[in-house]
Amino acid sequence: MKRWGIFLGAVLCCVSQLYAFDFSNTQSVNISKKTQPRQISSDFIENLICDESLCKGLDSFMVSEDGTANHSICGELSEPLKGDLENATKEFIFDHASLFNIPDKKNKNLLRLIKKEEAACGHHFVFQMVVENIPVQDGFIDIHVGKDRRVQLANGCCPQVKEIANKISIGRIEALAAAQRAIGAKKVIGIPKAELVIVPLNSKGFVAFSVKISSKSPLGDWLVFIDADTGREISRQNEMLFSDRATGKGSVYVSHPLNSSVTNESLPHLKAHTLDGEFASVKNEDGEGSVSENDTHVYDPENTHFDEVNIYFHVNKIHDFFKSLGFSKLDSPMKATVHVGDKYDNAYFSPWENAMSFGDGNKLNDLSKEESVCYHEYSHAMVNQIVRLSGPEGGAMNEGQADYFACTYTNDSKLGEYVVAKMNKPFMRNLDNTTHYPEDIQNEVHADGKIWGAALWDLRSALGASISNKLVYNAYFYLKTSRQKFVDGLNSIVAADKNLFGEKYKNTILEVFQKRGISLS
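Following our numbering, the numbering of the sequence shown begins with 13 at its first residue and continues without gaps.
In short, the hints are calculated from the structure, not lab data. It is possible that part of the hints are untrue.
Stated by the list, open to error - Simulated pairs of lysine-lysine, DSS-like, Cα-Cα distance not exceeding 30 Å:
hint	residue 1	residue 2
1	Lys-228	Lys-205
2	Lys-437	Lys-355
3	Lys-228	Lys-329
4	Lys-174	Lys-216
5	Lys-329	Lys-174
6	Lys-228	Lys-216
7	Lys-347	Lys-198
8	Lys-426	Lys-329
9	Lys-228	Lys-434
10	Lys-174	Lys-199
11	Lys-527	Lys-437
What the hints assert, rightly or not - What follows is a list of derived Cβ distance ranges for each label pair:
hint	residue 1	residue 2	range
12	Leu-337	Ala-474	12 to 22 Å
13	Lys-174	Ala-477	49 to 59 Å
14	Gly-183	Gly-69	44 to 54 Å
15	Gly-69	Lys-228	29 to 39 Å
16	Lys-341	Gly-69	24 to 34 Å
17	Gly-95	Gly-183	18 to 28 Å
18	Glu-451	Gly-95	20 to 30 Å
19	Val-274	Glu-300	18 to 28 Å
20	Asn-178	Leu-337	40 to 50 Å
All values reported here derive from a predicted model rather than from experimental measurement. Just so it is clear, CB atoms sit at the ideal spot from N, CA and C, and this is done for glycine as well.
Go ahead and model the full structure; you've got the sequences and the hints to work with.
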């Protein structure tokens with residue numbers, strides 16, 4: 013009866029709802045608007061009510077944008093799955109075809125497994141919709157199975173594609189050229205890629221080339237969609253993650269210059285007599301990197317090599333922090349470049365290059381000299397290895413989590429204190445704030461990330477750093493695959509708590525997020 017009460021309440025109340033350190037080049041200008049309630053299709057409600065096997069274990073659900081299919085549903089959604097979990101999860105989707113907007117229950121080739129992983133005490137499967145063997149953009153369904161082999165979280169649905177509205181008239185080379193013209197790329201990095209996808213729009217599918225171009229000018233990892241028929245640009249997105257503005261020895265700031273003096277510290281994991289190590293490879297855009305036959309890299313802060321040493325030290329520190337949480341997907345050299353640009357007032361993480369870059373600053377102080385900047389960017393790199401955060405709230409979650417991990421590691425709710433000191437500001441962002449969802453949404457990822465980051469900081473205050481860090485990190489393995497909402501983040505934290513701690517902290521988690529305006533109902 014309790015679950016049915018929750019379900020009926022949800023039916024009545026359900027509403028719709030590169031990475032930079034200072035500013036972001038990833039967004040278009042948006043006009044802030046209030047979140048509007050979603051209209052839930054009566055067919056969806058009827059299908060869900062009639063699906064007794066789902067409803068008896070239902071905790072909460074959220075509908076798709078058009079109100080006709082699943083956005084996210086969580087609870088004990090199945091009996092323990094038998095046999096091969098990959099096949100069993102796919103069967104689960106087709107057994108509940110109407111929930112996931114499956115147009116043809118007999119066509120098992122409609123979904124293609126693109127990812128499976130065992131992590132955070134669970135099994136995680138991501139399927140993508142394909143039409144005529146072409147993947148459908150954002151057509152993801154991800155199923156998360158707990159250690160009891162029950163489905164606990166199911167995210168996403170198939171977009172509606174009743175017909176293909178165009179044809180393929182150009183090839184990859186033409187698409188690459190069109191994308192390069194569209195963004196005005198003057199200096200391309202690496203080899204651009206173009207792949208066919210279907211872009212769903214108004215129940216139709218448009219065949220397009222998804223083109224990925226890394227460019228120095230304009231700076232970015234550009235994802236450009238080119239119409240496969242006309243060669244015209246459909247849309248673009250800069251996915252570069254900007255920052256909000258043998259053992260050797262080296263000179264570093266253990267904390268930023270306002271908090272500490274230069275000290276000589278150990279430089280772990282070195283592989284040569286340079287700052288190329290097992291987990292970090294530091295480059296200097298202004299010239300050759302530091303070389304020392306005895307692996308002693310000691311310099312004054314004004315020396316061009318000092319920033320190389322400082323970043324090498326802190327990349328290894330944050331790598332080892334995430335390693336302690338069980339993360340091993342970046343156990344290879346992370347490229348980090350200092351002195352990027354000419355008095356460049358930012359830092360960023362490039363997901364396609366899997367590299368971080370740090371500017372010297374102009375209005376800002378040198379970004380390489382503040383540890384929280386490095387930790388923020390590395391946190392982007394960490395989460396990028398697990399799930400791609402996208403959409404307005406997904407982007408805000410990415411910035412908020414990067415702030416959270418930077419702050420939890422420094423044990424300080426403020427970050428960017430040294431970076432903005434030249435501007436006579438006390439800090440760039442502070443997770444100890446009064447932001448509230450949804451009224452403080454500004455449709456800018458760093459501004460909106462303050463809400464998510466503050467909720468995570470509240471969780472840390474309530475549960476302590478150790479438990480909170482484990483929950484926030486492990487939650488990413490349960491997170492919806494694309495275009496996430498804050499409620500998806502909450503769902504994933506609840507799922508992580510269930511599988512790691514047997515729901516020991518569930519009530520506290522829900523209470524903490526409710527105070528920030530983020531709830532499952």
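Checked hints:
Distance hint between Lys-228 and Lys-205 is fulfilled; the C-alpha atoms sit about 16 Å from each other, no more than 30 Å. With a CA separation close to 19 Å, the supplied pair Lys-437 and Lys-355 stays within the 30 Å bound. This hinted pair checks out: Lys-228 and Lys-329 have alpha carbons roughly 29 Å apart, not beyond 30 Å. Between Lys-174 and Lys-216 the CA atoms are separated by roughly 6 Å; this keeps the pair inside 30 Å, and the hint holds.
As the CA atoms of Lys-329 and Lys-174 are separated by approximately 51 Å, the hinted pair breaks the 30 Å bound. Distance check on the hinted pair: Lys-228 and Lys-216 sit about 35 Å apart at the alpha-carbon level, beyond 30 Å; violated. Our distance criterion of 30 Å between C-alpha atoms is met by Lys-347 and Lys-198, whose separation comes to about 23 Å. Our distance criterion of 30 Å between C-alpha atoms is met by Lys-426 and Lys-329, whose separation comes to about 19 Å.
The hinted pair formed by Lys-228 and Lys-434 meets the criterion: a straight-line CA distance of about 27 Å does not exceed 30 Å. Distance restraint check for Lys-174 and Lys-199: the Cα-Cα separation of roughly 40 Å exceeds the 30 Å cut-off, and the hinted pair is therefore not satisfied. Taken as a hint, the Lys-527 and Lys-437 pair is honoured in the structure, with Cα atoms around 28 Å apart against an allowance of 30 Å. For Leu-337 and Ala-474, the hinted distance range of 12 to 22 Å is satisfied, since their beta carbons lie about 19 Å from each other.
Look at Lys-174 against Ala-477: about 51 Å separates their beta carbons, and that is inside 49 to 59 Å. Checking the proposed 44 to 54 Å range against Gly-183 and Gly-69 shows it holds: the Cβ atoms sit about 49 Å from each other. The hinted window of 29 to 39 Å between Gly-69 and Lys-228 is violated, with their beta carbons roughly 52 Å apart. Taking 24 to 34 Å as the suggested C-beta distance range, the pair Lys-341 and Gly-69 conforms, at roughly 32 Å.
Under the hint 18 to 28 Å, the C-beta atoms of Gly-95 and Gly-183, about 43 Å apart, miss the expected range. As the Cβ distance of Glu-451 to Gly-95 is approximately 48 Å, the hint placing it in 20 to 30 Å is violated. Restraint check, Val-274 to Glu-300: a C-beta distance of roughly 22 Å satisfies the suggested window 18 to 28 Å. Taking the beta carbon of each, Asn-178 and Leu-337 are about 46 Å apart, inside 40 to 50 Å as hinted.
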